[in-house]
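S.K.: Sequence:
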Amino acid sequence: MNHQVKLTGNLKTYLRWPMTLSLLWAVATIQIYMVNHKAGYCVAGYTLAYLVFAMMLRMTGRKKLQQDLIQFAQSYGRLQMKMMKEMAVPFAVLNVEGHLLWGNDEFLSVAVNKKAARRNIANIFPEITLDKLPEAAQGDVVLRVTREDQTYRAVLRQIDAALVDDFSDDLELDQFIDDQSIIVMFLYDETEMVKLEETIAAEKLTVGLLYIDNYEETVASIDEVRQSLLMALIDRKINKYMQGIDAISKKLEKDKFLFVFKQEHLQALKESRFSILEEVRAINIGNDQTCTISIGIGTGSETYTELYDNARAAIDLALGRGGDQAVIKGSDSEEFYGGKRVTAERNTRVKARVKAHALKELIESKERVVVMGHSIGDADSFGASVGVYRIAKTLERKAYVVLDQCSPSVKPLCDRFYNGDYEEDMIVNRAEAQKLVDENALLVIVDVNKADYTECPELVDQAQSVVVIDHHRQAGDAISQAVLFYIEPYASSASEMVSEISQYIGNGLKLKPAEAEALYAGIMIDTNNFTDKTGVRTFEAMAYLRRNGVDVIRLRKAFRENMGEYRIKAAAIEATNLYLDSYAITESKAEGTDSPTVLAAKIANELLDISGVKASFVLTNYNDKIYISARSIDEVNVQVMMEKLGGGGHINMAGAQLKDCTVQEAEEKLRQMIDQMIADGDITQ
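Numbering-wise (our numbering), the sequence shown opens with residue 1 and increments by one.
There's no promise every hint is true.
[As the list claims (entries may be wrong)] Calculated pairs, DSS-like style, for lysine-lysine (alpha carbon to alpha carbon, straight line, at most 27 Å):
#1 Lys351 x Lys510
#2 Lys240 x Lys360
#3 Lys251 x Lys240
#4 Lys250 x Lys240
#5 Lys204 x Lys240
#6 Lys366 x Lys393
#7 Lys237 x Lys262
#8 Lys625 x Lys614
#9 Lys114 x Lys85
#10 Lys237 x Lys195
#11 Lys411 x Lys435
#12 Lys411 x Lys510
#13 Lys366 x Lys398
#14 Lys510 x Lys360
#15 Lys270 x Lys256
#16 Lys270 x Lys250
#17 Lys512 x Lys569
#18 Lys659 x Lys669
#19 Lys251 x Lys262
#20 Lys360 x Lys254
#21 Lys557 x Lys512
#22 Lys411 x Lys569
#23 Lys240 x Lys254
#24 Lys351 x Lys256
#25 Lys262 x Lys411
#26 Lys204 x Lys256
[What the hints assert, rightly or not] DEER-style ranges, computed between Cβ atoms:
#27 Asp634 x Gly681: 16 to 26 Å
#28 Glu361 x Glu271: 44 to 54 Å
#29 Glu540 x Lys254: 21 to 31 Å
If you are wondering where the hints come from, they were derived from the structure by calculation, not from laboratory data. From a predicted model like this one, the values you see are computed outputs, not experimental measurements. Glycine residues also receive a C-beta, built at the ideal position from the N, C-alpha and C atoms.
When you get a sec, could you build the whole thing from the sequences and use the hints?
M.R.: Have a look at this one:
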């Protein structure tokens, strides 16, 4: 090893000083000689002796110095390795594939199973997978890992293997290092820190709002003597529930509560699936109207103002979905609980009158109105669009209906508007609509509340004033920039809602027969010929439309099926499988038909006529997507089921669209979703 040691730097310069001083002595000797020859000879002798001594010292001392340096380096290296081995911080060396090469005592005490770690570090820390190991130019990778009850912050860095060559003997790595790089890993115990973070999170306050959905209707359903008793029972249930989660609650109004509680109780509320919903619904002292409540809870924000805003958004979302449910809203996510029952129809028309007045003011403040439904428009979206068109025309505003492609399901209705009674530009396509929407235009969206599902999603971002009129339950990704929301899940259809609004617009509004028939057809199709989701207000709207000139015979003829579609429907029904003896699942092979999705909806409706079927699901492969039409009567909430697949709709009428999958894969996802909901208790088997 001696011949490999070279003296460099300051040490090399220091050892050269005696030889360098010899030159000084030589110059001094010459000068003395020039002054006195005898003295010069004397000094020359001493200089020569000094030079010989310095050369001998350099030749003999260099080897000894090298030996001392080597012994010091070895002692220092052993001390360094001892310190590393006994270091209090767990330290390990891995290869680039995650196999343990060496670990100090602390690391081995954490890992315990050294053989498993040598196979792969993921056997000890499952969080450290191969794809999370650092690369050369990546820098440090920091991960939080757990081992038994301890939590660690793991810092991993890839370095050049040559950096450990000098210590490879002590590390016993010579037989392992085959790669050009290795990974060093430090573990920092953060167990106490994590516990403190969890404690802080658990102690953090959470804001919630609780509304009684149908206070007025419930109170009106019983006599005055028992009204106070009913409200006392409801208040007692709510207060007892709040005490169970150590919450501070305050009654803001006769039907509204504000409550604050610790975050640690939120998980218990989730696990109980907000049992207060069922407890309040079970209260009955002879009232005909069942009382329901809605809960909105805000989470995921650091300030109480933002938490309260999230709670407000959550309660609005719960009410927009029909009430009788709880919604937990974070900064970018929503969780839904309850909402399994059919929403009771409200007899009061106050809300419809208020919304009609607000819509009238918005229309009068703009120069033009652009009305748009959902993509692949059906009779309901087209009928509601035509109804809003008539409202705008009555208020003397230019109006347009966006319909990029008239599907065969609405063609009998569309044909009535391509005549001299209506403007040629009444119905516009997507490109034309984008030229019409500006700061002077009002965009009215009907029969849909998701921007991605509209006829032209670009218009939603382009418009400055948006109105949404829909009867589908509001989802978390609903259009947020609307200046007016009118969402009533209890309504049978958007056409019913527009028909009600039309009656409160005033200004002598009178529907033409073609417009009344379009609205009537929307109600008829969405209620499956007036058998689903029909209430008193539904038939009142139909009576209003009949008075405006609806020809029922003409509509019946217009919506008859052709023989080809009838055969496809029969084949789909024949191929139906009953999953768990309760869920009818089939495929509608409707390629080449005029309206594959509409046909699928018809098939789903007919499957409900089979005894024992709780819900029906019809899958259609159309436009590179798998469309699912889901229907039920009253035992299963298909809207919640479809939401889990990215869709939505009503409690008993919903749908979803799946991309990048086959019909078989979609069926498997559907079955897995049903199994999971049964396991979670969302549906009973």
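S.K.: Would you mind confirming whether the straight-line C-alpha gap from lysine 250 to lysine 240 stays at or under 27 Å?
M.R.: holds, 13 Å
S.K.: Keeping to a limit of 27 Å between CA atoms, is the pair of lysine 114 and lysine 85 held or broken?
M.R.: Given pair lysine 114, lysine 85 holds - Cα atoms ~15 Å apart, limit 27 Å.
S.K.: Between the alpha carbons of lysine 204 and lysine 256, is the straight-line distance 27 Å or under?
M.R.: holds, 23 Å
S.K.: Kindly confirm whether 16 to 26 Å is satisfied by the beta carbon distance between aspartate 634 and glycine 681.
M.R.: Distance hint for aspartate 634, glycine 681 holds at roughly 18 Å.
S.K.: For the pair supplied as a hint, lysine 270 and lysine 250, is the alpha-carbon distance within the 27 Å limit?
M.R.: Holds: lysine 270 and lysine 250 sit about 22 Å apart, inside 27 Å.
S.K.: Please work out if lysine 510 and lysine 360 have their alpha carbons no farther apart than 27 Å.
M.R.: holds, 15 Å
S.K.: Between glutamate 540 and lysine 254, does the beta-carbon spacing fit 21 to 31 Å?
M.R.: 29 Å Cβ-Cβ, so the 21 to 31 Å window holds.
S.K.: With the threshold set at 27 Å, check whether the alpha-carbon distance from lysine 251 to lysine 240 stays at or below it.
M.R.: holds, 14 Å
S.K.: Below or equal to 27 Å on CA atoms is what counts here, so check lysine 411 against lysine 510.
M.R.: Judged against 27 Å, a Cα distance of about 24 Å means the pair holds.
S.K.: For lysine 411 and lysine 569, compute the direct alpha-carbon distance and say whether it is at most 27 Å.
M.R.: holds, 21 Å
S.K.: Given the hint that lysine 237 pairs with lysine 195, does the C-alpha gap stay at or below 27 Å?
M.R.: violated, 34 Å
S.K.: Assess, step by step, whether the Cα of lysine 240 is no farther than 27 Å from the Cα of lysine 360, and give holds or violated.
M.R.: Since the Cα atoms of lysine 240 and lysine 360 sit roughly 45 Å apart, the hinted pair is violated (cutoff 27 Å).
Going down the numbered hints, you'll see the structure goes against 2, 10, 17, 20, 25, while the others check out.
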